[in-house]
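Using the supplied hints, reconstruct the complex from the two chains, each of which is provided in its own coordinate frame.
Note that the protein sequences, when read in sequence, are chains A and B.
Residue numbering for the first sequence follows this note's numbering, starting at 1 and increasing by one per position.
Residue numbering for the second sequence follows this note's numbering, starting at 1 and increasing by one per position.
In case anyone wonders, no lab produced these hints; they're calculated from the structure.
C-beta atoms are modelled at their ideal positions from N, C-alpha and C, and glycine is treated no differently.
Careful: at least some of the hints might be erroneous.
[Unchecked claim] Now the stretches of chain A that chain B is said to cover, found in silico as 3 or more residues with beta-carbon under 8 angstroms:
(1) 40–52
(2) 69–80
(3) 107–113
(4) 123–136
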Amino acid sequence: MMTKAVWGGIITAAALVLVSTQASAQVVDTKTVTVSATVNAKAKLTLGTNTASFADADPDVTPLLSAAAISVDVKTRTAAASNVTLTVLAGGALTNASSDTIPINQLTWTATGSGFAAGTMSSSTAQALGTFLGGGTASGTQTYQLVNSWNYKTGSYSATITYTLTAP
Amino acid sequence: MFSRHFAVILLSWAVVASPTRAAAQTSTATLSANIGAVASLTLSAATIAFPDADPDTVPLIPATAGPILITAKSRATAGAQVVLAVQATDDLRSGVSVIPASNITWTGSGVGFVAGTLSTSSPVTVAAWTGSGIRSGSQQFFFRNLWTHPTGTYTLTMIYTLSAP
Numbered sequence: 001m002m003t004k005a006v007w008g009g010i011i012t013a014a015a016l017v018l019v020s021t022q023a024s025a026q027v028v029d030t031k032t033v034t035v036s037a038t039v040n041a042k043a044k045l046t047l048g049t050n051t052a053s054f055a056d057a058d059p060d061v062t063p064l065l066s067a068a069a070i071s072v073d074v075k076t077r078t079a080a081a082s083n084v085t086l087t088v089l090a091g092g093a094l095t096n097a098s099s100d101t102i103p104i105n106q107l108t109w110t111a112t113g114s115g116f117a118a119g120t121m122s123s124s125t126a127q128a129l130g131t132f133l134g135g136g137t138a139s140g141t142q143t144y145q146l147v148n149s150w151n152y153k154t155g156s157y158s159a160t161i162t163y164t165l166t167a168p
Numbered sequence: 001m002f003s004r005h006f007a008v009i010l011l012s013w014a015v016v017a018s019p020t021r022a023a024a025q026t027s028t029a030t031l032s033a034n035i036g037a038v039a040s041l042t043l044s045a046a047t048i049a050f051p052d053a054d055p056d057t058v059p060l061i062p063a064t065a066g067p068i069l070i071t072a073k074s075r076a077t078a079g080a081q082v083v084l085a086v087q088a089t090d091d092l093r094s095g096v097s098v099i100p101a102s103n104i105t106w107t108g109s110g111v112g113f114v115a116g117t118l119s120t121s122s123p124v125t126v127a128a129w130t131g132s133g134i135r136s137g138s139q140q141f142f143f144r145n146l147w148t149h150p151t152g153t154y155t156l157t158m159i160y161t162l163s164a165p
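Okay, chain B solo, but in the shape it has when bound (with noise of 0.2 angstroms):
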């Protein structure tokens, strides 16, 4: 009996007494982020205007403040599309008087930035990139100047939507 527990003591010991003897001892942490989709964009100016000019002599008048500068910074899913579009709510109205917004066009430079023409009826994409980040770049509106718009003062919303998957 008294040699049982001697064994089952010196056992005991040597199990204890092993680790502080030991060079080096692991552990593991689970670390764990949620990397959740973000969107947001932002606009160098909320209005832009078009004066009035001579349609000979200007047929495609640019907006006065000159281009619209656009960040938009995005985190999505990887290989998915990032898509920045822009729609009217409405089409250019004065009065009773209606100028449809596809009057409106514009260019785009910049990394994923396309020129495209205003509609009321979709979303028109004014640039496109793939995956997360920040990008920039700018957006320069032209209004076609006819003969036949009537004589008013028109305005129009439009809407820029960012949307990252």
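Same shape as in the complex, but just chain A (with noise of 0.2 angstroms):
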């Protein structure tokens, strides 16, 4: 009789202790999702305007002719540690409505802005303007100065410069 009670009891306990670890044990269920992004390369130039003018002025007193500033905008998207160039390049030499020209290389250029640098116009092969390593944004300025001769023939000159932003 004691035997029995006592293995009842012992009974008794384990089903407790099993019922109980399973009231009380977490159960999860997972699930698994990939996800994919697209990240292709872009370029996007802006600048603040697409005039620059230099007035008139002594050639002694202004050797050097200024345009007001341009506000440069470069926003680039390319693979990691490629290089991202701007260039400019002249269509051709400053010209009058006679015909008259001035060298394009008389127009030079100062800049301001990380990865942006000082340069020479020229109307054959393209010239840096910025430089810079990877994609993000850049912002500087660029500003136009034209040697002021003496020897330049009067007139209305002008010249289209083309910028490029390359992102490969």
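Written as structure tokens, this is what we have:
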């Protein structure tokens, strides 16, 4: 009789442990989702103005004419560690209505902003205005200057400059 | 001796005969059921994709297929909190290029669902409820579209975990 009671107690205790273990165990269900994102190369160039003008001046007093600064904003997305380049190329010499010309290499520029550089204009080879490593945004300014020479013939001269932003 | 036997027989008959005259009889039976904790999670999609877009015009790209529909069935201890969480196994990777998983965010709709930002370091709560039940909601993912992201086709894996204590 005593043995039966002991065994009954043991079985009851075991059942309680089993039930309580099931009640307190945390159950989980898991699922996986695959995420993909496509990031393509992009290049966006914004100039503060599309004209640069030089006022007439005495060559002795102002040997170097200066135009208002042009703001330049560059946005690119490219492969990591790729070089992004911003270049300028003149369509030809500065020319007036009488077809008189001023050599385009008389046009130079200074620049501010990280990655931007000063240079001399060319109509044969694109000149670097900016070089940037990898994608992102960059802002700077470009200020054109024109050598003011006594040898220039009078007139109103113009030239077209093409800016090219390349993100490989 | 005879009278003693007669009395015993008479008493026995009375005991046996009595129940047959009862108008009602009651009995008890013990029924036991073991209700254990259960969790079941269903997602409407196993993949989500973000298309390319101009960062200036679409700074947050929504997933192309729209929201993921989520059904969470759980049986838990009374008053216990049932939690659905998600964690990225890694950052977005395309070859050697990496975009942190934290560039993926979501909004939630449905009772218990909350907005969040994906993480690789710890599970982030998608939804939480109290006690057992069947809950449904949706999760709309967004990809933070930056100019600084290197080009490529990126992937990562998210693991959803529904826990019912």
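Checklist entry - Counting residues of the segment 69–80 of chain A whose CB is closer than 8 angstroms to a CB in chain B, do you get three or more? => result Holds, because 6 residues of the segment 69–80 of chain A bring their Cβ atoms closer than 8 angstroms to Cβ atoms of chain B.
Item to check | Given coverage of the segment 123–136 of chain A by chain B, checked by CB-CB distance under 8 angstroms (3 or more) | outcome: n = 3 at 8 angstroms, threshold three: holds.
Item to check | 8 angstroms C-beta criterion, at least three residues: is the segment 107–113 of chain A covered by chain B | outcome: Violated: only 0 residues of the segment 107–113 of chain A have a Cβ under 8 angstroms from chain B.
Checklist entry - According to a criterion of three or more residues whose C-beta lies within less than 8 angstroms of a C-beta of chain B, is the segment 40–52 of chain A covered? => result holds (count 4)
Comparing the model with each numbered hint stated earlier shows that hint 3 is the single one that does not hold.
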